[in-house]
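Protein chains in written order, with the UniProt record's numbering: chain A, 1 to 558; chain B, 1 to 558.
Among the hints, a few may not be true.
In this list, chains with the same sequence are indistinguishable; a pair is considered to hold if it fits within one copy or across any two.
[To be verified] Derived SDA-like pairs (lysine to any residue); straight-line CA-CA distance at most 25 angstroms:
hint, residue 1, residue 2
1, K232, G552
2, K232, E77
3, K374, T251
4, K232, D154
Think of the hints as simulated: they come from the structure by calculation, not from any bench.
2 protein chains.
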Amino acid sequence: MYTSLPALLVVALACPCRALWPIPRSLETGSTPLVLAPDFRIVGLRDSPADLSSAVARSQAYIRTDRMQRLVVGRAEADRARVQDAMQLPSLVLSIPEGEGVGSIAQEAVGPLGTRSEEYVLHVPADGAPAMLAANSTLGLLRGLTTFEQLWYDLDGNATYTLEAPIIVTDSPAFPYRGFMLDTSRNFFPITDIKRTLDAMSWTKMSQFHWHVTDSHSFPLQVPGFEEVAEKGAYAQDMIYTPADVQDVITYAAERGIDVLMDIDTPGHTAAIYESHPEHIACYLGSPWQTYANEPPAGQLRFASPSTTTFTTELFAAAARMTMSSLFSTGGDELNLECYTNDTATQEALAATNQTLEEALNTFTMSTHGVLTKLGKTGVIKSDMVLDHNLTLPNDTVVIVWKSSADAVSIAAKGFQFVHQPSDYFYLDCGAGEWLGQDPLGNSWCDPFKTWHRTYTFDPFMNLSASQHQLVLGGQQPLWTEQSEPENLDSIVWPRAASSAEVFWTGATLPDGLPRNVSSALPRLHDLRFRMVQRGVQAIPLQPLWCALRPGLCDLQS
Amino acid sequence: MYTSLPALLVVALACPCRALWPIPRSLETGSTPLVLAPDFRIVGLRDSPADLSSAVARSQAYIRTDRMQRLVVGRAEADRARVQDAMQLPSLVLSIPEGEGVGSIAQEAVGPLGTRSEEYVLHVPADGAPAMLAANSTLGLLRGLTTFEQLWYDLDGNATYTLEAPIIVTDSPAFPYRGFMLDTSRNFFPITDIKRTLDAMSWTKMSQFHWHVTDSHSFPLQVPGFEEVAEKGAYAQDMIYTPADVQDVITYAAERGIDVLMDIDTPGHTAAIYESHPEHIACYLGSPWQTYANEPPAGQLRFASPSTTTFTTELFAAAARMTMSSLFSTGGDELNLECYTNDTATQEALAATNQTLEEALNTFTMSTHGVLTKLGKTGVIKSDMVLDHNLTLPNDTVVIVWKSSADAVSIAAKGFQFVHQPSDYFYLDCGAGEWLGQDPLGNSWCDPFKTWHRTYTFDPFMNLSASQHQLVLGGQQPLWTEQSEPENLDSIVWPRAASSAEVFWTGATLPDGLPRNVSSALPRLHDLRFRMVQRGVQAIPLQPLWCALRPGLCDLQS
Numbered sequence: 001m002y003t004s005l006p007a008l009l010v011v012a013l014a015c016p017c018r019a020l021w022p023i024p025r026s027l028e029t030g031s032t033p034l035v036l037a038p039d040f041r042i043v044g045l046r047d048s049p050a051d052l053s054s055a056v057a058r059s060q061a062y063i064r065t066d067r068m069q070r071l072v073v074g075r076a077e078a079d080r081a082r083v084q085d086a087m088q089l090p091s092l093v094l095s096i097p098e099g100e101g102v103g104s105i106a107q108e109a110v111g112p113l114g115t116r117s118e119e120y121v122l123h124v125p126a127d128g129a130p131a132m133l134a135a136n137s138t139l140g141l142l143r144g145l146t147t148f149e150q151l152w153y154d155l156d157g158n159a160t161y162t163l164e165a166p167i168i169v170t171d172s173p174a175f176p177y178r179g180f181m182l183d184t185s186r187n188f189f190p191i192t193d194i195k196r197t198l199d200a201m202s203w204t205k206m207s208q209f210h211w212h213v214t215d216s217h218s219f220p221l222q223v224p225g226f227e228e229v230a231e232k233g234a235y236a237q238d239m240i241y242t243p244a245d246v247q248d249v250i251t252y253a254a255e256r257g258i259d260v261l262m263d264i265d266t267p268g269h270t271a272a273i274y275e276s277h278p279e280h281i282a283c284y285l286g287s288p289w290q291t292y293a294n295e296p297p298a299g300q301l302r303f304a305s306p307s308t309t310t311f312t313t314e315l316f317a318a319a320a321r322m323t324m325s326s327l328f329s330t331g332g333d334e335l336n337l338e339c340y341t342n343d344t345a346t347q348e349a350l351a352a353t354n355q356t357l358e359e360a361l362n363t364f365t366m367s368t369h370g371v372l373t374k375l376g377k378t379g380v381i382k383s384d385m386v387l388d389h390n391l392t393l394p395n396d397t398v399v400i401v402w403k404s405s406a407d408a409v410s411i412a413a414k415g416f417q418f419v420h421q422p423s424d425y426f427y428l429d430c431g432a433g434e435w436l437g438q439d440p441l442g443n444s445w446c447d448p449f450k451t452w453h454r455t456y457t458f459d460p461f462m463n464l465s466a467s468q469h470q471l472v473l474g475g476q477q478p479l480w481t482e483q484s485e486p487e488n489l490d491s492i493v494w495p496r497a498a499s500s501a502e503v504f505w506t507g508a509t510l511p512d513g514l515p516r517n518v519s520s521a522l523p524r525l526h527d528l529r530f531r532m533v534q535r536g537v538q539a540i541p542l543q544p545l546w547c548a549l550r551p552g553l554c555d556l557q558s
Numbered sequence: 001m002y003t004s005l006p007a008l009l010v011v012a013l014a015c016p017c018r019a020l021w022p023i024p025r026s027l028e029t030g031s032t033p034l035v036l037a038p039d040f041r042i043v044g045l046r047d048s049p050a051d052l053s054s055a056v057a058r059s060q061a062y063i064r065t066d067r068m069q070r071l072v073v074g075r076a077e078a079d080r081a082r083v084q085d086a087m088q089l090p091s092l093v094l095s096i097p098e099g100e101g102v103g104s105i106a107q108e109a110v111g112p113l114g115t116r117s118e119e120y121v122l123h124v125p126a127d128g129a130p131a132m133l134a135a136n137s138t139l140g141l142l143r144g145l146t147t148f149e150q151l152w153y154d155l156d157g158n159a160t161y162t163l164e165a166p167i168i169v170t171d172s173p174a175f176p177y178r179g180f181m182l183d184t185s186r187n188f189f190p191i192t193d194i195k196r197t198l199d200a201m202s203w204t205k206m207s208q209f210h211w212h213v214t215d216s217h218s219f220p221l222q223v224p225g226f227e228e229v230a231e232k233g234a235y236a237q238d239m240i241y242t243p244a245d246v247q248d249v250i251t252y253a254a255e256r257g258i259d260v261l262m263d264i265d266t267p268g269h270t271a272a273i274y275e276s277h278p279e280h281i282a283c284y285l286g287s288p289w290q291t292y293a294n295e296p297p298a299g300q301l302r303f304a305s306p307s308t309t310t311f312t313t314e315l316f317a318a319a320a321r322m323t324m325s326s327l328f329s330t331g332g333d334e335l336n337l338e339c340y341t342n343d344t345a346t347q348e349a350l351a352a353t354n355q356t357l358e359e360a361l362n363t364f365t366m367s368t369h370g371v372l373t374k375l376g377k378t379g380v381i382k383s384d385m386v387l388d389h390n391l392t393l394p395n396d397t398v399v400i401v402w403k404s405s406a407d408a409v410s411i412a413a414k415g416f417q418f419v420h421q422p423s424d425y426f427y428l429d430c431g432a433g434e435w436l437g438q439d440p441l442g443n444s445w446c447d448p449f450k451t452w453h454r455t456y457t458f459d460p461f462m463n464l465s466a467s468q469h470q471l472v473l474g475g476q477q478p479l480w481t482e483q484s485e486p487e488n489l490d491s492i493v494w495p496r497a498a499s500s501a502e503v504f505w506t507g508a509t510l511p512d513g514l515p516r517n518v519s520s521a522l523p524r525l526h527d528l529r530f531r532m533v534q535r536g537v538q539a540i541p542l543q544p545l546w547c548a549l550r551p552g553l554c555d556l557q558s
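Modelling step: build the complete structure from the supplied sequences, incorporating the hints.
In structure tokens, the structure reads:
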């Protein structure tokens, strides 16, 4: 009556050995073992940009140090016999079309959405001939190198092998915006933690780091000409990102194929500016905070005041000049209008300019987004500003949909391009309990915890018409950091954030034409997680190891 | 209309500076600043046991390296003026009553529950006279040293100070069993991670490490005479605890005032034994697993078979001989009787012995607990075995109440001593989402996440009569590790597990006689968390730093 042990072994050996994440759009694999030659090397371009040479060196290092064993019963030992007499792969040769000079990865990565060339083809023959990786850009080559790194397993530290040659990959992302958002205001994250996160993002071919750098709790960004804001508004002098730090992050990210979207939240979520500029902030420490904000502390820009508008616009201009991206976010979430009802400065400003509060908000937003346009940047804003307020925004404004996945339809109806960041599918901080004091029975506002499988079932085109599909730029999983610091950054983000990375790279269907599904994804995600751990990212296990070694045996329905 | 900034500063300065965790039973503090003299030293006992000398050295080191700044706006800087001309404390002098030799901490810590002397008195005068720490045992001195370490803050690395001299502490725990349970079967934890956990436990004066060492997923314990069970049933050869490892953990724990309760789960949760002894295990890989277990894999001891009873009893005897504790757990949770309905071996054994399944279970349990009694150990068992089965258990058996806090009443009614481990208050793994495959909408079975404040509101005497209070030994927070490995051990355990540590040390009331409450606890728990981070334990933040610096301002109700 019970399945016998030999049957278990069959299940294990028949597991999907395609461990790539995200899975390429087109993938053909064979069943021939292949090992890397002792002198295996990756042959880069003759006139290689420095960042491509670095990427090649990183790939060579990962292939040498990953020491990843296959997730099957018996682990690497189970493959020994097949690997022993395998053909050797001598090299991987990179190529790019001849042309007028080769751009760097960084240049390609920070271009406007829709212009970045990420496609590549990869061929690993089974007969001992060199493997080939071709792309139209160095960014495409980087994506292909990332795929190549994931093909290899280790036996005893002596043999680096695949069991699936020949391998033919033709790949390109379904959506250009595949992101992760980190809040560095509620709690602070040193540069080294951000860089480690960027590394992990690049391993899943993410393209966008949304740096929610400031908020009400602290203002850790040193903006040239506005140094006092961070000096007074940061948590501490060693909890400030200097312009050099920002440059460091942007460059590090770009070299790994990631564009940095800087986000200075306004006009709400700005209490920290009070410390340096009390004249610009209303209702800081307004009591009770519940009347003036969704979480403590309350504090918002007096956007109706012309001097505050000037201050904010100049702050944005200075901050935007720190970035390389074509995108810049002015925030825009959870503006609380009640804050201004009894704020004398605001009421006087409205009277003086003869505007309603909504008109003043429009004036303010036209000014802040106007300066971005002038600097050649595309403004990014939260969906609240489009759905709850009647603002005049540039047509190319990118909207981040966050409150609910259902809001995407309303944004699309208004004709804006948008990024999916729905709290009901994507928020990494949900489910960790109430963090406010005096609430022993309280739960997370966006309970329950968003599992990787919940995220994975997200449909980017849900309820959209075919003509609206072009408005979907992609999506991202955010981490709001009320209860996070470097201590749990990796464990709360990885491997879960990889879930949406595959949703937006792979799109609706697997290479076989079957729809994406959690069953075939789980073994691959296990593999990615263990590889991340090998590389020093503290990604957490998704199941007991017993289950990771036996795909399907820990499913709810068998 | 808004609270002004000076008002905020008043709130910050008026914050409860008593940062001790758990808070002592009796505590008097003054308001005189005091700094440690440059040559400050802790004067130990003349004939000090080695583990007390080590404890003294650790305390001296922590005091030097904690570099903990007070959690107030302005941090240490806010205290500079008060610290500058403070009196100096030259030393802390330990003392113990003269008698027939001084026992080690380890000896005292592993004694039977109720016999361990943990009380101490600590006096830190404000006038520059030496501080005094007195206890009736070296274990009591260890508890006092732990309190002493938490008194000190750092200014610039030059001054180590308190603002609250004189300080008078008279302290002893409300309950002897203050524990943490770690499951090392679902996923494996190296010794180094267990030791780091023991360190953190000792900082909160916990007394019991419940090592749930084996379960269905893997059997990582090398038991002398039964080496084959781990050799085949562990996840890998480098994922085995050897007898030397176990000795190492037990000694390390005992020197830190912690007794190790070893737990080999039986007769359910034993699938891993199948790998070495298929003859003793029924329904391994029974399909579907839902019929035979609460989670995959199914697999249970054939407890009706005399040979299986002999095997298990001898295994327990050999494992119990590895331990120093007076306690040993035989497991006992989630036994699935359906497993045996079609198990030929079991049915034949029942027929041969002319017993019902329940009678056979009683025979089995009498044998396993009988051998523990013979070895001078007290058996520990899960509440299922008492509530769902009519077993003959020794009167001194300790029951772990886990399914629901409401079960304590039923256990007390049967007259057993018990340990609180209720899933509705204490489970650290709850709320992290479903881990089974093929269940994209599934949540954790014990949703929601158990916040520290939820745990903190637990009443150990809930619904018990006064005469039943003596049955309450204490409580513990468990970590079941379906989704945990070393990567998230610290972040999922700390600082939350400290919450029950205070519940069971401090009891119902604060030193002022007021009931324990989450408002006064939160600033102290923040302090503990930051101190843990300083000492290398990756405890997570409970709130944005803005809130940690401003007690009360992030409360739900103000």
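Hints and how they fare:
1. Proximity of K232 and G552 under a CA criterion of 25 angstroms is satisfied inter-copy only: 22 angstroms between copies versus 55 angstroms inside one chain copy.
2. In the homo-oligomer, the alpha carbons of K232 and E77 lie at most 25 angstroms apart only across protomers (15 angstroms), although the nearest pairing inside one protomer, at 59 angstroms, exceeds that limit.
3. Taking the shortest Cα distances, K374 and T251 sit within 25 angstroms of each other inside one copy (23 angstroms), while across copies they are farther apart (69 angstroms).
4. For the homomeric pair K232 and D154, the shortest alpha-carbon distance between copies (22 angstroms) is at most 25 angstroms, but the shortest distance inside one copy (52 angstroms) is not.
Of the hints listed earlier, there is not a single one the structure fails to meet.
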